[in-house]
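Produce the complete structure using the sequences and hints provided.
Those sequence lines, one after another, are chains U and P. The first sequence begins at 1 in the working numbering and counts up one residue at a time. The second sequence begins at 101 in the working numbering and counts up one residue at a time.
Careful: at least some of the hints might be erroneous.
What the hints assert, rightly or not - The following residues of chain U were derived to be distant from chain P, with all beta-carbon distances above 10 angstroms:
no. : residue
1   : C11
2   : V33
3   : G36
4   : A70
5   : I72
6   : E73
To be verified - Here are the computed distance ranges between Cβ atoms for each label pair:
no. : chain 1 : residue 1 : chain 2 : residue 2 : range
7   : P       : K176      : U       : A40       : 38 to 48 angstroms
8   : P       : G136      : U       : T47       : 30 to 40 angstroms
9   : U       : S27       : P       : S127      : 12 to 22 angstroms
Just so you know, these hints were derived from the structure itself, not from any lab. Beta carbons are placed, not taken as given, at the ideal position from N, Cα and C, and that holds for glycine.
2 protein chains.
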Amino acid sequence: MKKATFYHAGCPVCVSAEQDILNLIPSEEVEVVHLGSNKARIEEAKTAGVKSVPALVLNNGNVLHINFGASIENVK
Amino acid sequence: MKKATFYHAGCPVCVSAEQDILNLIPSEEVEVVHLGSNKARIEEAKTAGVKSVPALVLNNGNVLHINFGASIENVK
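Dropping the structure here:
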């Protein structure tokens with residue numbers, strides 16, 4: 001079972017963080033969601049508590065906002 | 101070889117993030133440094149680019165600031 005979902009939007013900060021996260025966390029344990037190309041999942045991310053991207057939402061409900069790429073409002 | 105150093109300062113945000121990070125990253129790959137009880141390493145963290153804690157500094161030099169617990173200036 002995946003432990004986390006990584007939400008990003010393709011911004012430079014997001015891409016850099018994505019590479020770093022996937023280097024740290026086994027790839028089978030994290031799902032990567034590009035909100036720019038998958039806008040249907042923006043509401044899911046907001047409901048989970050994502051305020052900005054990139055962010056990592058864990059299965060325990062915690063949200064780790066990693067650096068700052070863009071506000072979730074700006075992704076819409 | 102460790103892939104990352106996790107700097108924190110014992111604040112609630114730090115402790116929560118530490119538990120999450122150690123749940124995601126194999127513990128043998130991350131060193132945890134408590135800057136509140138190990139002030140000698142504050143300069144090392146600042147030199148690495150840490151602006152606030154908790155933060156994860158990777159071996160490639162990238163710094164992932166995770167949520168926001170406290171400014172590194174306030175840790176001193």
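Taking the hints in turn, this is what the structure says about them:
Under the 10 angstroms C-beta cut-off, the non-interface status given to C11/U relative to chain P holds; the minimum distance is some 15 angstroms. Annotated as non-interface, V33/U keeps its C-beta farther than 10 angstroms from every C-beta of chain P; the closest such distance is 17 angstroms. The claim that G36/U is not at the interface with chain P holds, since no C-beta of that chain comes within 10 angstroms of its own (minimum 21 angstroms). With a closest Cβ-Cβ approach of about 15 angstroms to chain P, A70/U is found to remain outside the 10 angstroms limit, as its non-interface label requires.
Against the 10 angstroms criterion, I72/U stays outside the reach of chain P, whose nearest CB is about 15 angstroms from its own CB. Every CB of chain P lies more than 10 angstroms from the CB of E73/U, the least distance being 18 angstroms, so the non-interface label holds. Here the CB-CB span from K176/P to A40/U is close to 46 angstroms, well matched to the stated 38 to 48 angstroms. Under the hint 30 to 40 angstroms, the C-beta atoms of G136/P and T47/U, about 35 angstroms apart, fit the expected range.
As the Cβ distance of S27/U to S127/P is approximately 19 angstroms, the hint placing it in 12 to 22 angstroms holds.
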